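> Protein chains in written order, with the numbering used here: chain A, 1 to 360; chain B, 361 to 720.
Hints in this document: simulated from the structure, not taken from any laboratory. Since this is a predicted model, take the numbers as computed values, not measurements. Please note: incorrect hints may appear among the correct ones.
Below, simulated DSS-like cross-link-like pairs (lysine-lysine); rule was C-alpha separation at most 30 Å, straight line [unchecked claim]:
| hint | chain 1 | residue 1 | chain 2 | residue 2 |
| --- | --- | --- | --- | --- |
| 1 | B | Lys698 | A | Lys260 |
| 2 | B | Lys662 | A | Lys320 |
| 3 | A | Lys72 | B | Lys662 |
Derived CB-CB ranges, DEER-like [unchecked claim]:
| hint | chain 1 | residue 1 | chain 2 | residue 2 | range |
| --- | --- | --- | --- | --- | --- |
| 4 | A | Tyr309 | B | Ala428 | 32 to 38 Å |
| 5 | A | Asn49 | B | Pro456 | 53 to 59 Å |
| 6 | A | Glu225 | B | Leu408 | 44 to 50 Å |
Residues of chain A clear of chain B, computed beta-carbon distances all greater than 12 Å [what the hints assert, rightly or not]:
| hint | residue |
| --- | --- |
| 7 | Pro38 |
| 8 | Ala73 |
| 9 | Ile77 |
| 10 | Thr102 |
| 11 | Lys116 |
| 12 | Lys146 |
| 13 | Ile240 |
| 14 | Lys244 |
| 15 | Glu284 |
| 16 | Glu305 |
| 17 | Asn322 |
| 18 | Gln341 |
| 19 | Phe348 |
A virtual CB, placed ideally from N, CA and C, is assigned to each residue, including glycine.
2 protein chains.
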Amino acid sequence: MNEKPNKSALNEKDGIPPPETFSAASLKKIVTSRKQQPSASELITGILNHDKVALSRAITLVESTNVAHLSKANEIINGCLPYANQSIRIGITGVPGVGKSTFIEAFGSYLTSLGKKVAVLAVDPSSTISHGSILGDKTRMEELVKDENAYIRPSASGETLGGVARKTRETIILCEAAGFDTIIIETVGVGQSETAVHSMVDFFLLLKISGAGDELQGIKRGIMEMADAIVINKADGDNINKAKLAKTEFNRALHLFPAKSSGWIPTVSTCSAYEKTGIDAVWETISRYMELVKTNDYFESKRQEQNQYWMIETINEQLKNNFYNHPEIISLIEESKKAVQNDEVSPFAAAQILLKKYFK
Amino acid sequence: MNEKPNKSALNEKDGIPPPETFSAASLKKIVTSRKQQPSASELITGILNHDKVALSRAITLVESTNVAHLSKANEIINGCLPYANQSIRIGITGVPGVGKSTFIEAFGSYLTSLGKKVAVLAVDPSSTISHGSILGDKTRMEELVKDENAYIRPSASGETLGGVARKTRETIILCEAAGFDTIIIETVGVGQSETAVHSMVDFFLLLKISGAGDELQGIKRGIMEMADAIVINKADGDNINKAKLAKTEFNRALHLFPAKSSGWIPTVSTCSAYEKTGIDAVWETISRYMELVKTNDYFESKRQEQNQYWMIETINEQLKNNFYNHPEIISLIEESKKAVQNDEVSPFAAAQILLKKYFK
Chain A
1 MNEKPNKSAL NEKDGIPPPE TFSAASLKKI VTSRKQQPSA SELITGILNH DKVALSRAIT
61 LVESTNVAHL SKANEIINGC LPYANQSIRI GITGVPGVGK STFIEAFGSY LTSLGKKVAV
121 LAVDPSSTIS HGSILGDKTR MEELVKDENA YIRPSASGET LGGVARKTRE TIILCEAAGF
181 DTIIIETVGV GQSETAVHSM VDFFLLLKIS GAGDELQGIK RGIMEMADAI VINKADGDNI
241 NKAKLAKTEF NRALHLFPAK SSGWIPTVST CSAYEKTGID AVWETISRYM ELVKTNDYFE
301 SKRQEQNQYW MIETINEQLK NNFYNHPEII SLIEESKKAV QNDEVSPFAA AQILLKKYFK
Chain B
361 MNEKPNKSAL NEKDGIPPPE TFSAASLKKI VTSRKQQPSA SELITGILNH DKVALSRAIT
421 LVESTNVAHL SKANEIINGC LPYANQSIRI GITGVPGVGK STFIEAFGSY LTSLGKKVAV
481 LAVDPSSTIS HGSILGDKTR MEELVKDENA YIRPSASGET LGGVARKTRE TIILCEAAGF
541 DTIIIETVGV GQSETAVHSM VDFFLLLKIS GAGDELQGIK RGIMEMADAI VINKADGDNI
601 NKAKLAKTEF NRALHLFPAK SSGWIPTVST CSAYEKTGID AVWETISRYM ELVKTNDYFE
661 SKRQEQNQYW MIETINEQLK NNFYNHPEII SLIEESKKAV QNDEVSPFAA AQILLKKYFK
């Protein structure tokens, strides 16, 4: 299992692998791959051998908007599929400022210290605009980046949420086939992305801090309801009492939500990612959750539901792509938009006209 | 303008018009209409003459899922379109328990007392399940129901949010052509429907109460950000001080949100729909808003954007309907879902197979 850790993979995107980490084999691999594109089966073999370079290349194909890459990407995913699914998928959300990167750094490092292999992915379509994604700035997870049992991949950029989410979903499969048994999926938690993340994870963790004014922490009823655990970060120094108070409040609030179909009662705990306290308790909670849902079959049925959801989502996304990239529609749609804008035709009538052209 | 108010229209759905409100003309109209379906142009004429029966019938066509009704509905909408748009559209949201029906009753009655004509619509796809929609239970707006210058129409039922929203959007056009100058669109404010409502109104009002625990009032950052005004209801009796406190808190919270592109600074006020205090202030706020956005052209540009949005939404909805109702897809999709469920094929590959069949 990953006998030849290939640290250079982490720098594949930068193009400058640190030479001191090179093994002869990995060097040969990179030199070869720059000359020619590896085939789908070569990439599958690489992934199943836990080669991070192959993994990164395959993810790049999955993320590609080049249609020529689509069938190759699909071939790789289907080749990996039988080896996927042997993992736990954890969604972590929290608005900017709650210390998400520090938490993931501490949590991920704790997990690798237990012998786990951790992949960290992101669903954050806005990161290209705001540059606010924690994963856009890898240096903020210094320790984890250097950890050979961790793999960090920023969000696919320049995409709609639907696109990013679908690609992240496919990336999970590749990471699992590459031997990662713990997949962490991060989202900034202020948009619609939590729903997308919730639909691809087994466990959903909401990260909070105390005393920042709950309004401004952007508490959405929907997100509170999704959470399997609320973890109040920055419970250190002067903050410990406030964090305890927040814990009580969240506990009270959570108990008023309807019971979860998983049978799980959401937990609230405090931690300090900075001081690395309370991190082990988070993992303990997740382990207890997994024991429950594997016993009561919720785990399996939820994953099946999620698979169906992603099939439907992929179809819907593709239907739209086809329509809006249709030559006749491209040439007509701006005109229609203008007519609709100026109330010359109702939005519905304009839609019907375009649809008729498309389906004729 | 509406010289022959036809109160029986309100009961059209129940089938039992209260006989005491019948004029000879309206009675004749109903008897005729039961014998034969009025034509599109008859309905258009009726609507433009501010006939509520014609309006109700046209809305029923718009809401119909019978494809035969689609072209007739479109004809009516396009016939009404040149006479629409002369109104102000107000979205009102708030979770159950904030007194939304009482507020709309008081607010709507205040508006008709100013000589306005008020239509109250709802976007609430869940109402068929929860029966929680205020408009499902008309008796809760006793005064407004009897008001000849008001028209109340519950949400189209048995539909997806997309469907309900589209139909509500079309219903707005019909109501405006029928002479209603103030359109109130209500949503229960716990789901995704606020976004849909926000995309069809000029002014978005968030109704709250104080002291019920903000967590449980389901404050979503998104909704707070959408609001042009927050009105704290039930500011009466022992509640007055708490409401004032809540007002301060919301004011503080609102000022930390980014500035609105309308140039409007959201307001916070208190009212008691029960005691009918603070209702006039709400209207004053909306009037000030309208003055601003009509001067700075935001009003016009927002409506144009909304029209475009609805064209795109209609297209996307229709693309999905076409796919999922395609005979070959219907016969294959269950099988695909099962294969995906059992990890025999990836959700993406299954989607590609179905799409290939559909597009071949």
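> If a hint holds in the structure, say so; if it does not, say that too.
Taking the hints in turn, this is what the structure says about them:
1. At most 30 Å may separate the alpha-carbon atoms for a hinted pair to count; Lys698 of chain B and Lys260 of chain A meet this at roughly 25 Å.
2. Distance restraint check for Lys662 of chain B and Lys320 of chain A: the Cα-Cα separation of roughly 24 Å lies within the 30 Å cut-off, and the hinted pair is therefore satisfied.
3. With a CA separation close to 43 Å, the supplied pair Lys72 of chain A and Lys662 of chain B exceeds the 30 Å bound.
4. Look at Tyr309 of chain A against Ala428 of chain B: about 33 Å separates their beta carbons, and that is inside 32 to 38 Å.
5. Evaluation of the 53 to 59 Å hint for Asn49 of chain A and Pro456 of chain B yields a pass: the beta carbon distance comes to about 56 Å.
6. Distance hint check: the CB atoms of Glu225 of chain A and Leu408 of chain B are about 46 Å apart, consistent with the given range 44 to 50 Å.
7. Listed as a non-interface residue, Pro38 of chain A keeps its Cβ farther than 12 Å from every Cβ of chain B; the least gap is roughly 20 Å.
8. With a least beta-carbon separation of about 8 Å from chain B, Ala73 of chain A fails to lie farther than 12 Å from that chain, contradicting its non-interface assignment.
9. Distance check for Ile77 of chain A against chain B: the nearest CB is about 5 Å away, which does not clear 12 Å, and the non-interface claim fails.
10. Listed as a non-interface residue, Thr102 of chain A keeps its Cβ farther than 12 Å from every Cβ of chain B; the least gap is roughly 22 Å.
11. With a least CB separation of 22 Å from chain B, Lys116 of chain A remains clear of the 12 Å interface cut-off, as annotated.
12. Once the 12 Å rule is applied to beta carbons, Lys146 of chain A is consistent with being away from chain B; the minimum gap is 32 Å.
13. Listed as outside the interface, Ile240 of chain A is consistent with that label: its C-beta sits roughly 22 Å from the nearest C-beta of chain B, beyond the 12 Å cut-off.
14. Every Cβ of chain B is farther than 12 Å from the Cβ of Lys244 of chain A; the closest lies at roughly 17 Å, confirming the non-interface assignment.
15. The claim that Glu284 of chain A is not at the interface with chain B holds, since no C-beta of that chain comes within 12 Å of its own (minimum 26 Å).
16. A beta-carbon of chain B is positioned within 12 Å of the beta-carbon of Glu305 of chain A; the least distance is around 8 Å.
17. Listed as a non-interface residue, Asn322 of chain A fails to keep its Cβ farther than 12 Å from every Cβ of chain B; the least gap is roughly 7 Å.
18. Against the 12 Å criterion, Gln341 of chain A falls within the reach of chain B, whose nearest CB is about 4 Å from its own CB.
19. With a least beta-carbon separation of about 5 Å from chain B, Phe348 of chain A fails to lie farther than 12 Å from that chain, contradicting its non-interface assignment.
Checked against the numbered hints given earlier, this structure breaks hints 3, 8, 9, 16, 17, 18, 19; the rest are met.
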